[in-house]
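**Student:** Fit the two chains together into the complex; they arrive one by one in their own frames, and the hints show the way.
Chain order of the listed sequences is A and B.
Numbered per this note's numbering, the first sequence finishes at 205, counting up by one with no gaps.
Numbered per this note's numbering, the second sequence finishes at 423, counting up by one with no gaps.
Please keep in mind that the hints were generated in silico from the structure rather than gathered at the bench.
Don't take each hint at face value.
[Claimed, not checked] Computed, partial: chain A to chain B, Cβ under 7 angstroms: (1) Gly20; (2) Phe23; (3) Ala49; (4) Gln52; (5) Leu55; (6) Ser72; (7) Lys76; (8) Arg90; (9) Val91.
Every residue, glycine too, gets a C-beta built ideally from N, C-alpha and C.
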Amino acid sequence: MTLNVTDLAIARGGLPVLEGLSFRLEPGRALILRGPNGIGKTTLLRTIAGLQPPLAGQIEGAEDQIAYAAHSDGLKQALSVTENLIFWARVFGTSSVEPALTAFDLNALKDRAAGALSAGQKRRLGLARMLVTGRPIWVMDEPTVSLDTRAVAMFADAVRAHLGQGGAALIATHIDLGLSEADVLDAGAYKATLPALDDFDEGFL
Amino acid sequence: MIALLMRDLRLAVRAGGGFGLGLAFFLIVTVMVPFSVGPNSELLTRIAPGVLWLGALLSCLLSLDRLLALDWEDGSLDLLATAPLPLEAVVSVKALAHWITTGLPLVLAAPVLGVLLNLPGQGFLWLVLSLFLGTPALSVIGTFGAALTVGLKRGGLLLSLLVMPLYVPTLIFGAEVARRGAEGMAVQTPLLMLAGISAAVIALLPFASAAVLRINLR
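This is chain B alone, in the form it adopts within the complex (with noise of 0.2 angstroms):
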């Protein structure tokens, strides 16, 4: 297992690999805001925690049909299944290594791009907090979407429609989070929620991406 990440983290960073693409597109995300609805501070003080919760699921998105495609076209995906490792282990360990590469830079940079859009101080620790509990159950159903269209020549737009809906209660409780940390207000509630289906989806999405993805390899 360790393995696998280790190679899938190499592949990520090396030439090709994809690595920052996400990262690149949430600043991108992020920077324009400000151009687009103008620079009244008050409007962006109020948006800044949505704006940077959708920012962070759309860069998630971006990446998500690399994830298992392009195992699917070199062949190493049909491998991997006759190999010693449980499929369940294989897709969990490639939404680790997606996470590593795609959700866990979004968290760090998210505080810095925060100040870009005059989000209030005491939020910072809450929409930092949101996305690090949040980013790991994007990267997980997305694995489980990317294992149901890894047959298909560019699925990307299947699978784009087939995550968001899934995407929608962790971007409606981590944005919730971090709206109520910036307005100082009491966040137990929903990072309660947000922390139990980030632990569920990781508990139960892998048996079901194993599953399909057995299914698409035959």
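Bound-form chain A, shown alone (with noise of 0.2 angstroms):
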């Protein structure tokens, strides 16, 4: 499925933010996001993810496509790392979670309570998650937060794996994934110069 994304306008808390952004994410392809701090990266990927409706602009083949990952992973602390990875499972309605826990080396720590994690390792089981939805299109925020070069390596070996069956992946960063094969789109050139909305009702809507 094709993300087609045509003169995107969105807004941050009221303020535009990016106006004008256009382009095509087909399957098998990775977009890398890149930009400034503050630019919008984390605004558009909400937007795309369908949290929140752009000020203008289509958005189209994102419906039920995509599996989101956030800054914060959406572990409950008190969960085991299994507990964490079916309960995804079952509301994807997708059934398997060994080859996410061998995918990002979690099988060592699965019996182990999310709470009782490293950031690095629960990173690793926040992007777990992203293999168990079953999704095309992964959306991910800045995924690499808190991983060491070892476990990028292991999250840029997912992303290939995906790619290769088809999938797509757009992802917001700063570092070097090595993904050679990602096209780059760069959200500075973008900088929205609308004035900030008039519209008195947006900050209650």
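**Tutor:** Laid out in structure tokens, this is it:
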């Protein structure tokens, strides 16, 4: 399924941050989103994930196709690694969590409570969640935060395997993931010049 | 949906889940009332239905601010919103899990505590029935309040203020069923009103909760 974004404008807190943004994400391709802090990368990803409406423009092919990974991993501290993954697998209607545990080297930790994991291990678990969703388009916000180089390589392998199966990935990151085949989109070029919205309701809606 | 329900129930009974908080509060309120108003058994008999209902309502209120805030803080609410489950289902399941962990224990504990307040024998059935019909409404209305205040840090005060007026009809008719039942009067009218309020909020409020949640997640 191709993700098609045309002439998108997005706002955060009533202030337009990006405008005129268009791109296509074909199956089997990865798109790296770059840009300085505060340019609106997270807002763009949240908009594409459907968590907030765009100001203008269209997003096609995103409905029910996206697995979204935010800054926080959405883990429950009191549940074990396996329980956390099984929960998400059942929510997304898939069954097997073993490949995800193996891909991020979590087998040795699988009975440990998520609250007892280190920051990097939590992030690996958060990324393993993407594998159990079974969704074709991965939308990830700074996925490599607190990962060591070995885990970054694990992540790059997982993304490559996903692309090999006809999936696609949209990744906002500041570091080099080692995905040489990926396209790069610099959000800085689309910085909004629109004035602040003069719509009173927007503050509430 | 079942996965979400099971997860919430499991989280509630594990360490730090807060299961039993409402029950303990209910116990404290009802045990303390005879100390504060004196051991006059006639007086206790008269106020028992109202005290039990008020205690149940306040214990319900106590656990509301954790209902969605915990999921919001650790990011799982964002992820649930992008999952195949509609948000209406998410909030309904959350309300159901809240009722099972808070409302149902109150219903089951109420007869025991009724003894402490010298509730007349004929009132027990109606007390339990009114709580059984009324507490689901408290959970569903509470979920709506929690959805309204989900993005706010320490939103507990605002949540209580928002939810209190919405709790009033349930409290009035619930306590009325229990009072009339205890005094041996006909309970049909308040009972039907109570059941009607519960049925209406269960049918309608999940849509409102999901709508405000969508706005709050932006």
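**Student:** For every hint, state whether the structure bears it out.
**Tutor:** Against the structure, the hints:
1. Gly20: 21 angstroms, violated
2. Phe23: 20 angstroms, violated
3. Ala49: 5 angstroms, holds
4. Gln52: With a minimum Cβ separation of about 4 angstroms from chain B (threshold 7 angstroms), the hint on Gln52(A) holds.
5. Leu55: Violated. Min distance 12 angstroms.
6. Ser72: Given a least distance of 3 angstroms, the restraint on Ser72(A) holds.
7. Lys76: 6 angstroms, holds
8. Arg90: 4 angstroms, holds
9. Val91: 5 angstroms, holds
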